[in-house]
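Trainee: What follows is each chain in one-letter form.
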Amino acid sequence: MSLRFSDNKLKEVQQIIARYPEGRQKSALLPVLHLAQQEFGGWLSPETMDYVAGLLQLQPIEVYEVATFYSMYKLKPVGKHLLEVCQTGPCMLNGSEAIVDYIYERLGIRPGETTADGLFTLKTVECLGACGYAPMLQQGKHYREHLTREKIDQLIASCSGQPASAHH
Amino acid sequence: MARKLLLDKAHVPGITTYDVYRREGGYRSVEKALKSMSPDQVTEEVKKSGLRGRGGAGFPTGMKWGFLAKPEGVPRYLVVNADESEPGTFKDRYLMEFIPHLLIEGMITASYALGSNRSYIYIRGEYVWIAEILENAIEEAKANGWLGKNIFGSGFDCDIYVHRGAGAYICGEETALLESLEGKRGNPRIKPPFPAVKGLWGCPTVVNNVETVAAVVPIINEGAEEYAKIGIGKSTGTKLISACGNINKPGVYEIDMTISVEEFIYSDEYCGGLPTGKKLKACIPGGSSVPILPANLLLKTAKGETRMMTYESLADGGFASGSMMGSGGFIVLDDSQCVVRHTYSLARFYRHESCGQCSPCREGTGWMEKILWNIETGKGKLSDIDLLWDIQRKIEGNTICPLGDAAAWPVAAAIRHFRDEFEWHVLHPQEAQTRNYGLMHYADPIHVPNSVMA
Amino acid sequence: MSSETKNSVSTVKLTIDNISVEVPAGTTVLNAARQIGGDVTPPAMCYYSKLEGSGGKCRTCLVEVAAGSAADPRPMPKLVASCRTTVMEGMVVKNITSDKVKDARAGVVEFLLLNHPLDCPVCDQAGECHLQDLGYEHGKEGTRYEFERRTFEKEDIGPYIQLHMTRCILCYRCTYVADQLTDNRVHGVLDRGDHAEISTYISKAIDNNYSGNMIDVCPVGALTDKTFRFKNRVWFTKPMYAHRDCPDCCGKVTLWQRGEEVLRVTARKDEWGEVCSHEGKPGWICNTCRFDKKAASDWVLEGPADVSRHSVISQGHYTGLQKPKETLPEVMGGRAPKLMMDIHDVSEVNKIELSQLPGAATGNDFNSPAAKEA
Numbered sequence: 001m002s003l004r005f006s007d008n009k010l011k012e013v014q015q016i017i018a019r020y021p022e023g024r025q026k027s028a029l030l031p032v033l034h035l036a037q038q039e040f041g042g043w044l045s046p047e048t049m050d051y052v053a054g055l056l057q058l059q060p061i062e063v064y065e066v067a068t069f070y071s072m073y074k075l076k077p078v079g080k081h082l083l084e085v086c087q088t089g090p091c092m093l094n095g096s097e098a099i100v101d102y103i104y105e106r107l108g109i110r111p112g113e114t115t116a117d118g119l120f121t122l123k124t125v126e127c128l129g130a131c132g133y134a135p136m137l138q139q140g141k142h143y144r145e146h147l148t149r150e151k152i153d154q155l156i157a158s159c160s161g162q163p164a165s166a167h168h
Numbered sequence: 001m002a003r004k005l006l007l008d009k010a011h012v013p014g015i016t017t018y019d020v021y022r023r024e025g026g027y028r029s030v031e032k033a034l035k036s037m038s039p040d041q042v043t044e045e046v047k048k049s050g051l052r053g054r055g056g057a058g059f060p061t062g063m064k065w066g067f068l069a070k071p072e073g074v075p076r077y078l079v080v081n082a083d084e085s086e087p088g089t090f091k092d093r094y095l096m097e098f099i100p101h102l103l104i105e106g107m108i109t110a111s112y113a114l115g116s117n118r119s120y121i122y123i124r125g126e127y128v129w130i131a132e133i134l135e136n137a138i139e140e141a142k143a144n145g146w147l148g149k150n151i152f153g154s155g156f157d158c159d160i161y162v163h164r165g166a167g168a169y170i171c172g173e174e175t176a177l178l179e180s181l182e183g184k185r186g187n188p189r190i191k192p193p194f195p196a197v198k199g200l201w202g203c204p205t206v207v208n209n210v211e212t213v214a215a216v217v218p219i220i221n222e223g224a225e226e227y228a229k230i231g232i233g234k235s236t237g238t239k240l241i242s243a244c245g246n247i248n249k250p251g252v253y254e255i256d257m258t259i260s261v262e263e264f265i266y267s268d269e270y271c272g273g274l275p276t277g278k279k280l281k282a283c284i285p286g287g288s289s290v291p292i293l294p295a296n297l298l299l300k301t302a303k304g305e306t307r308m309m310t311y312e313s314l315a316d317g318g319f320a321s322g323s324m325m326g327s328g329g330f331i332v333l334d335d336s337q338c339v340v341r342h343t344y345s346l347a348r349f350y351r352h353e354s355c356g357q358c359s360p361c362r363e364g365t366g367w368m369e370k371i372l373w374n375i376e377t378g379k380g381k382l383s384d385i386d387l388l389w390d391i392q393r394k395i396e397g398n399t400i401c402p403l404g405d406a407a408a409w410p411v412a413a414a415i416r417h418f419r420d421e422f423e424w425h426v427l428h429p430q431e432a433q434t435r436n437y438g439l440m441h442y443a444d445p446i447h448v449p450n451s452v453m454a
Numbered sequence: 001m002s003s004e005t006k007n008s009v010s011t012v013k014l015t016i017d018n019i020s021v022e023v024p025a026g027t028t029v030l031n032a033a034r035q036i037g038g039d040v041t042p043p044a045m046c047y048y049s050k051l052e053g054s055g056g057k058c059r060t061c062l063v064e065v066a067a068g069s070a071a072d073p074r075p076m077p078k079l080v081a082s083c084r085t086t087v088m089e090g091m092v093v094k095n096i097t098s099d100k101v102k103d104a105r106a107g108v109v110e111f112l113l114l115n116h117p118l119d120c121p122v123c124d125q126a127g128e129c130h131l132q133d134l135g136y137e138h139g140k141e142g143t144r145y146e147f148e149r150r151t152f153e154k155e156d157i158g159p160y161i162q163l164h165m166t167r168c169i170l171c172y173r174c175t176y177v178a179d180q181l182t183d184n185r186v187h188g189v190l191d192r193g194d195h196a197e198i199s200t201y202i203s204k205a206i207d208n209n210y211s212g213n214m215i216d217v218c219p220v221g222a223l224t225d226k227t228f229r230f231k232n233r234v235w236f237t238k239p240m241y242a243h244r245d246c247p248d249c250c251g252k253v254t255l256w257q258r259g260e261e262v263l264r265v266t267a268r269k270d271e272w273g274e275v276c277s278h279e280g281k282p283g284w285i286c287n288t289c290r291f292d293k294k295a296a297s298d299w300v301l302e303g304p305a306d307v308s309r310h311s312v313i314s315q316g317h318y319t320g321l322q323k324p325k326e327t328l329p330e331v332m333g334g335r336a337p338k339l340m341m342d343i344h345d346v347s348e349v350n351k352i353e354l355s356q357l358p359g360a361a362t363g364n365d366f367n368s369p370a371a372k373e374a
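Going down the list, the sequences are from chains A, B and C.
Residue 129 in this note's numbering sits at position 129 of the first sequence; the count goes up by one each step and never skips.
Residue 364 in this note's numbering sits at position 364 of the second sequence; the count goes up by one each step and never skips.
Residue 36 in this note's numbering sits at position 36 of the third sequence; the count goes up by one each step and never skips.
Looking at chain A on its own, in the form it has when it is part of the complex (with noise of 0.2 Å):
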């Protein structure tokens, strides 16, 4: 079956471009692409990106040029929560480093990582703009800030859907 974005969301995309002047639809492709990457499963695969194309009549390498650029563009699938911990100057005095240290402690993986389950992707990012709430990680659309092991424990608790447990 071939891709395509729901009659709701192409409303969506016309809305996206009537943003910018007539003939400069190319300006709507950050905004596309992430929405994109919202409906078809949390990644960009050259489908969806020759699908993205097509809509603002762009030439593919024209997308792929873009979604390659941008760090928020996945081009490999992701587990279903992406948790994205910054590692930046900031963060790293206030411990992010021990932060990447449990999440692998409690769930196995290393940045760059998937949970055998699919559930859990873990990357290092870098400065997110939150260094007065260090350390801190973005999953989705949230910032998680201020983290503590018990953040950590609850966040993968309610990520699971069980109750937090007393881990430690």
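Keep in mind that a hint or two might mislead.
[Said to hold, decoys possible] If you anchor each label on the Cβ, the simulated ranges turn out as follows:
id : chain 1 : residue 1 : chain 2 : residue 2 : range
1  : B       : 249       : C       : 89        : 53 to 61 Å
2  : B       : 4         : A       : 106       : 37 to 45 Å
3  : C       : 147       : B       : 277       : 33 to 41 Å
4  : A       : 80        : B       : 17        : 28 to 36 Å
5  : B       : 153       : A       : 150       : 51 to 59 Å
6  : B       : 57        : C       : 233       : 45 to 53 Å
7  : A       : 142       : B       : 249       : 20 to 28 Å
8  : B       : 135       : C       : 148       : 40 to 48 Å
9  : A       : 59        : C       : 154       : 18 to 26 Å
10 : B       : 273       : A       : 142       : 27 to 35 Å
11 : A       : 59        : C       : 119       : 33 to 41 Å
12 : A       : 95        : B       : 431       : 16 to 24 Å
13 : C       : 147       : B       : 135       : 42 to 50 Å
Simulated from the structure, these hints should not be mistaken for laboratory data.
In this text, a Cβ means the ideal position worked out from N, Cα and C, and glycines have one as well.
Use these hints to put chains B and C onto chain A, whose structure you have.
Mentor: Chains B and C alone, transformed into the frame defined by chain A:
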């Protein structure tokens, strides 16, 4: 208590909604500008206020507006740079999240001055929820007649759109931002031409930081002269500082640029000092790109004068013994932190964020990261320190955009002021894996020779 | 605008390394320097005058502007890319007379070579590689880089072109060719920073009649002609100007011959390594001329190509060679010298008469049964 112009109403309950914001005096600047001032008068007012760009470079805003080309029949654009990504900086996020209408109000007034009928907010992609807050505020403003066609019968049309980036620090550079807004890779453009002549879609464009645009509101409301009275010298008005690192009260503070660095770090009104038992080792006062200073040079200039939280005082001594106000990202390191590891982390950041377009930055940032990692993990050589110095020197000033400088300066400053710590890492590779160098003499009083004082 | 003012092009005077030059207003510093020529001309790895928008990226052409113009004689605070800086009346430019420039350029050369394999002996571009020349002329001996170099797998992009990304210096020229000469660009620059690469992303063949020009603009051995790869070293070939009546392109080419055999066809290049212009138009050639017309009979030969005397290619430029007079019989009173030892008696290798081979010698020539028996 210092004067607040931007965040004074940020904690009024419900201020994110139009009704409360308006009741608290919101949108007066738009009324004033559209009803009683010409666009040029607004620009003139901003010039007189002495407002300097709050994104990092500190360029006078009124002058930037004055450079905007105005050819007949060609649209002009205002683009707000909300791609806040400089490590240590999270002030714009705070402003947009807690008092979004202030930005929208500033944008309408600025758009009027510049003749932009279609203005954009380029916000970093990760700030998903803030983009939604801004879109709501725009909806409300439009519903109440502040946006759209012929605003309050002034004949001025204006619409504002939010455009989300997708994860690229480089898009904070204004021409990379414009490329990204055009749906391309965030490769900075080669200047000239400058955006004021050829910007978004080849049209004259002004790109301003969030805080800069928000500051237009008090400038128009209170008048440029009142605004310029706040602060010292060429540092007029108030400045948002986002403080983080090893301090008791990290957060966003609005300062009026009359206080000392020492007061900012230790007073309860601001950072509230360092955690119990910790001593100040170093600080990066203006976002990760600006030079790191050891405690002694941070609190006092090389001449022995008190260092103030102003553009001029933070830069006093040049790069030899000073730093920069930058974007206001204030990062504090206590005595348990390792300067080498922190510098490595920043080098990794810049390598990750280099767009790869020009060779010194593309190749040099990765090289510096690898050498710093060797030093940090006990595999470094003494000659590596000089090599690092030479690499940063060959990147600085030789790249298309300022990211090269931004990557070079932190490494240069770390070696300049903390060379002994780098050498200790090399000479004690095993010990360096188990403990940190500590405070050493970094907080000792600086010897000021008489010749410097004269 | 009246036709008079349109036709009268105003000119601008400036000095580059103390040499005065007068050029039309709007000229770049680099092109002004090219008018002077010689060492005063900054090297350029990414700029290509026939490709709009190129330049500014490699930073090899950085120069110092000691005075911005007569009206505003302040120096420019940073070195500027001469390929993207427009001349001003009274501008004072320093290139090889500036220590800052020499230092920065050596740095740029080092950066460009950082991840570039230093295996010129096995690279097909050797002898006509701009990076090789740049390293020789502006680099330092030895590298200070002690880490593993970035490598990529070789990739065929279509039947005629091979991409070896490991050698790429990201000049972007090939993407400009694809944008400006072909109707559908299928390759581009993917990813970012030090892992940026030229790719089609999903291994697509570049199928366009002008795609071969990407090979000609590539300053290094990243894009090579698969019909020529490893057939010969360029300095053993004989570059000849030739033309044919081509319905698609200008048909003016350089044939790279060995004997009568045409090993390779390229566009003609000027002294800056760019394709020559013919009647004011860049002399891009089509893929038919480049890849399919490999017989000398396809072409009208014009004569030897202009090759710089400094180029290694000029070493094999044996057309018009005059054989020195045999003097031995003269001094020996008409007798020929006695052959003391026939090399073919003792050497396996030399049993092959190289000069008799139809093309370049390969391993097969030496390993074939005929060679063994010979």
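Trainee: Which hints from the list above does the structure break, by number from lowest to highest?
Mentor: none
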